[in-house]
Amino acid sequence: MPGIIEADNLTKTYSGAAAVSHIRFCVKKGEIFGFLGPNGAGKTTTMRMIACVSPRTSGTLRVFGMDPDDNPAEIKQRIGVVPQESNLDPDFTCAGNLLTYARYFDLPAAEAKKRTDNLLAFVALTEKRDVSIDKLSGGMKRRLILARALINNPDLLILDEPTIGLDPQARHLIWERLRLLQVQGHTIVLTTHYLDEAARLCDRLAIMDNGTFLVEGKPADLVRDQIGSEIVEMDNTPDVIACLTEMGIPYETIGDQVQVATGASRELAKTLLDRCKTSRVSTRPATLEDVFLKLTGRNLRE
Amino acid sequence: MASVFSLPRVSRRAIKVWQRNLNVFWKTWKVNFFPPLIEALLYLAAFGLGIGMYVGAIDGVPYITYIAPAILAISVMNSAFFECTYGSYVRMYYQKSFDAIIATPLSIEDVIAGELLWGATRSVISVAIMLPVLVVFGVISLPFSLLAIPLAFLAGLTFASLAMCFTAITPSIDTLNYPSFLFITPMMLFSGTFFPLSVLPAIFQYIALAIFPLAHLVALMRMATLPSAGALLPLHLAWILVATVIFCVISINLMRRRLIV
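Chains as they are written, first to last, in this note's numbering: chain A, 1 to 302; chain B, 1 to 261.
Treat the hints with care, since some could be wrong.
What the hints assert, rightly or not - Stretch-level coverage of chain A by chain B, calculated; a stretch enters the list once three of its residues show a Cβ under 8 Å from a Cβ in chain B:
no., segment
1, 37-47
2, 96-104
As the list claims (entries may be wrong) - Simulated DEER-style distance windows between Cβ atoms:
no., chain 1, residue 1, chain 2, residue 2, range
3, B, 23, A, 295, 34 to 42 Å
4, B, 180, A, 293, 31 to 39 Å
5, A, 256, B, 23, 41 to 49 Å
6, A, 66, B, 137, 21 to 29 Å
7, B, 261, A, 30, 49 to 57 Å
8, A, 14, B, 144, 34 to 42 Å
9, B, 149, A, 169, 52 to 60 Å
As the list claims (entries may be wrong) - Every beta carbon over 10 Å from chain B, so not counted as near; a handful from chain A, in silico:
no., residue
10, 72
11, 79
12, 83
13, 86
Worth flagging that the hints you see were computed from the coordinates, not collected in a lab.
Bear in mind that the values here come from a model prediction, so they are computed numbers and not experimental data.
Ideal Cβ placement from N, Cα and C applies to all residues, glycine included.
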């Protein structure tokens with residue numbers, strides 16, 4: 001079965017500089033696929049190309065088997081987009097935003113009204129129905145944008161940092177809704193900076209940097225392959241470093257911490273407590289964050 | 001990159017952008033309804049009662065009757081021009097409405113075409129509000145003055161597309177002040193609006209007719225409201241038609257160049 005999105009050698013350059021360079025991926029029906037990466041990695045550019053609002057420079061891209069250059073309207077009829085920045089229409093109320101948007105998709109008025117009511121309920125904004133946009137909190141706006149993206153009952157949802165700036169309650173609500181949408185058969189691609197969000201939501205994900213894919217796969221596989229199953233952490237003291245070096249154990253120092261990746265944390269922790277002069281040894285499962293920092297480095301971007 | 005003169009692909013979906021703007025307009029109709037009404041009354045008072053007392057008649061026409069079509073023409077210009085400069089810029093840059101709309105089946109060409117149609121519609125609305133006032137004051141004649149309505153749409157499109165060209169290239173909303181003051185203001189004064197172009201030196205007459213759409217619109221409006229069709233009618237009409245087509249094409253292409261990267 002062909003994928004919902006198929007990209008090969010996909011490249012986008014802005015006045016000579018490559019924002020996305022020769023990436024290749026395939027998103028299957030019903031999947032949640034994540035794009036992770038530091039700022040400027042090329043995630044949003046990729047989203048914009050899929051959403052048919054930014055033409056690619058070279059390579060091939062197919063969405064629902066169609067080329068965004070040739071059939072943008074047909075593709076866009078079947079996708080819903082949650083942009084990074086709010087672009088709700090401040091001239092309308094919550095319901096007005098959805099109704100106006102419905103018209104862009106050629107929905108008949110009665111159907112638009114029905115969907116508007118359902119979607120406002122879906123994102124828990126029924127009471128804000130007739131409230132203007134500037135009276136909404138950040139979380140409410142984000143939820144309303146999600147509702148707006150669903151007005152055409154899209155086969156593919158494109159979410160650019162769907163939970164940016166939200167409190168934990170609002171994030172959980174969005175996650176829960178996205179899961180529900182996946183169960184209903186929607187395909188979802190998203191970008192995020194929140195690695196716990198990616199690990200929780202994505203069936204597969206790609207970590208990008210400088211416009212290319214560093215790795216791609218299932219979150220759990222990536223963690224296991226790149227890091228191992230667990231991390232042992234100790235205070236960064238000369239004694240600990242000397243001890244680890246002496247035992248020939250590879251380690252990484254991060255600020256006042258020393259980290260050792262391992263598959264057997266309990267045994268290692270015991271050995272280290274016995275042999276090294278350290279007051280504190282803690283163990284934790286390895287996470288996507290460890291993978292991310294290992295691959296993209298710890299330097300600040302931008 | 002496509003040339004600014006290539007024919008843009010506009011679909012019927014453009015009408016949905018027009019509808020969106022109309023919906024917003026109706027929500028605040030009280031705010032939008034009165035300015036043209038007040039404007040007509042102010043012009044009539046200032047020029048009719050004030051200056052008209054001294055001027056008397058121009059070309060055998062009472063001064064207030066002479067300037068009545070100019071009031072309509074200026075309103076056509078201002079409505080469309082300011083809608084598609086400041087209005088469109090706010091929707092494009094601050095409200096990000098265009099970004100939101102092109103995520104749907106509409107293309108940027110559809111969006112800009114919808115904005116242009118809306119700018120022209122603003123001109124029609126202004127003229128439709130002013131016409132009854134001018135009729136009541138007895139300064140325009142029926143039924144030929146009703147031609148001002150289709151004329152408002154056509155010329156409205158001229159000014160809307162001209163405005164959209166500036167909007168497409170302006171670095172910020174502040175720099176939109178330049179076309180307003182350096183182009184619109186002189187055009188309002190030197191287009192045969194409040195005095196005949198013929199009193200100017202020949203060279204200025206030619207310049208005005210060459211670069212000011214308003215000069216042609218005022219001439220046509222005057223032919224409709226007096227009424228007195230002249231031999232130059234086809235020329236004025238042709239100038240406006242050609243300019244409208246050219247500016248519509250260029251403005252849509254420039255906007256695409258600005259927004260689709």
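Going through the hints against the structure:
no., hint, result
1, 37-47, "violated (count 0)"
2, 96-104, "holds (count 5)"
3, B:23 / A:295: 34 to 42 Å, "violated, 49 Å"
4, B:180 / A:293: 31 to 39 Å, "violated, 53 Å"
5, A:256 / B:23: 41 to 49 Å, "violated, 59 Å"
6, A:66 / B:137: 21 to 29 Å, "violated, 60 Å"
7, B:261 / A:30: 49 to 57 Å, "violated, 32 Å"
8, A:14 / B:144: 34 to 42 Å, "violated, 55 Å"
9, B:149 / A:169: 52 to 60 Å, "holds, 55 Å"
10, 72, "violated, 7 Å"
11, 79, "violated, 8 Å"
12, 83, "violated, 7 Å"
13, 86, "violated, 8 Å"
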